[in-house]
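K.L.:
Residues per chain are reported as follows:
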Amino acid sequence: MTYDLSLLACTVLVAVVPLAPAGLVLMNTGLGRTRSAAHSMLASMAAIAVAALAYCILGFCWEGVAGGPVHTITIAGRPWDWLGRAPLCLRGVAAGAPWAALQVLLQVFAVGMAALIPLSAGADRWRMSASCFSTALLAGWTYPLFAHWVWGGGWLAQLGSNYGLGRGFLDAGGASTVQVVGGLTALSIVWIIGPRRGKYAEEGIAPAIPGHNIVYVLFGAFLIVPGWIALNAAGAILFAGAAPAQTALIAIDTVLCAASACLAALVITRIRFGKPDASLSANGWVSGLVASSAVCAFVSPWLAIGVGLIAGGLVTGAVELLELRMAVDDPGGAISVHAVAGIWGLLAVGFFVRGQMLAQVVGVATLLGVVLPMSYGLNWLLDRVSPQRSGREGERLGMDLHELGAGAYPEFVIHNDEFVDR
Amino acid sequence: MKLAGMLLLLAGWGIVVSAVALFAGSGTRSLFVLAGLGVELLGLVLAFRGVANRPREAK
Chain G
1 MTYDLSLLAC TVLVAVVPLA PAGLVLMNTG LGRTRSAAHS MLASMAAIAV
51 AALAYCILGF CWEGVAGGPV HTITIAGRPW DWLGRAPLCL RGVAAGAPWA
101 ALQVLLQVFA VGMAALIPLS AGADRWRMSA SCFSTALLAG WTYPLFAHWV
151 WGGGWLAQLG SNYGLGRGFL DAGGASTVQV VGGLTALSIV WIIGPRRGKY
201 AEEGIAPAIP GHNIVYVLFG AFLIVPGWIA LNAAGAILFA GAAPAQTALI
251 AIDTVLCAAS ACLAALVITR IRFGKPDASL SANGWVSGLV ASSAVCAFVS
301 PWLAIGVGLI AGGLVTGAVE LLELRMAVDD PGGAISVHAV AGIWGLLAVG
351 FFVRGQMLAQ VVGVATLLGV VLPMSYGLNW LLDRVSPQRS GREGERLGMD
401 LHELGAGAYP EFVIHNDEFV DR
Chain X
1001 MKLAGMLLLL AGWGIVVSAV ALFAGSGTRS LFVLAGLGVE LLGLVLAFRG
1051 VANRPREAK
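Going down the list, the protein sequences come from chains G and X. Just so we're aligned, residue 1 is where the first sequence starts under this note's numbering, counting upward by one. Just so we're aligned, residue 1001 is where the second sequence starts under this note's numbering, counting upward by one.
Looking at chain G on its own, in the form it has when it is part of the complex:
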């Protein structure tokens, strides 16, 4: 019996990926309120479950694998591969095709991670059943459609061969397919469900509603790292043609990007507010990881540090801009961390890889011009059928009591002023 060591190494990498969503769940919960902590954890678990099923039953048939059956249209004499045509329920993934099965497995985790991003933005007010329906739309349609264009050999990946735009749109670790798609879905959700009650009063500036457990947040940020290294390395091997021998360099780039982004956020908040801000620094850390997903397989460690520094700076600015100027109430900073840093990472590939800029700009334009309106439209329709926002009572009591009937911390003494109607 012979063993394919590359396949074995890649399988081990994919098996480590779930640590990334686990860390993200912990961060999301820590950044929310005590009275919605259990709801946040359970909704995350439900979202991952729904995403896995929706992707495997329906989503994968739109995505398929590169070289598989597809729908194409011809524009100006050139074929545009716009949709996969694999059978339902993974019937196209044969037992004798372990690499294709590994691609599916990686994406089951990846789509689960994408589904967690809107949960962070909708914390404390998004109904669990609505979040499950929304996740089904994300995993069953939005994610696979865009992932087909990038990872399934679709028209964005073909920009190089069809039109001479570098090597086509490049995204090794899912900065676009996972992070920006999740971040833009989070923005759609926040636009639809609106801010938390008491966040934007009639007069004065928006008060900060701090997270309830910064230890969860920081531990989540640590836990996320091995999962993210595995995601970047496995993604680069499976979708960007990287050799397994590149894994160590990809890991170094990933860690350097995160480290520099965290330090950038820490220094900026120290200068701006007089003391370093723990939650923004943790968000800076994750923004570095998000940006690294785009660049990890294509740049040197020095450039990765530069990319991380800019990602950390961007996130601190974007969080403030969205919250105070744009009236976007995003408790976990998910839109800034995943959408803004992801877009920066994708553009950074264009800056640092020769001849790649136009393809990267076309990819970013597609995210903003197709994924955002589509995600907003689908969730808007869903909201018409089944309201996504919890009722007034849910916000007053907290999502734990309202939807689960019990709190995450039953021994806590509840103060009356927690339930003052605001």
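FYI, nobody ran anything at the bench for these hints, they're computed from the structure. Certain hints may be false.
Derived contacts from chain X toward chain G, CB cut-off under 10 Å, selection only [stated by the list, open to error]:
# : residue
1 : Lys-1002
2 : Ala-1011
3 : Trp-1013
4 : Val-1016
5 : Val-1020
6 : Ala-1021
7 : Arg-1029
All residues carry an ideal CB built from backbone N, CA and C; glycine is no exception.
Given the coordinates of chain G, assemble chain X onto it according to the supplied hints.
P.N.:
Just chain X, lined up with the frame of chain G:
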């Protein structure tokens, strides 16, 4: 305003895709791709303003 923003986002993407498909010269193509991206950014600003200008909740 938000609907107008969404329509501009789609229109901007249409310009980008048309530029890629129809222009062969890299200069013209780049110019039109950037123009499309500009239209998208305008749409994004409109969509954000549509939310930011929404009447705030009463105390």
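K.L.:
Confirm or reject each hint.
P.N.:
Going down the list of hints, with the structure as the test:
no., hint, result
1, Lys-1002, "7 Å, holds"
2, Ala-1011, "8 Å, holds"
3, Trp-1013, "3 Å, holds"
4, Val-1016, "4 Å, holds"
5, Val-1020, "6 Å, holds"
6, Ala-1021, "5 Å, holds"
7, Arg-1029, "7 Å, holds"
In the structure shown, no violation is registered for any of the earlier numbered hints.
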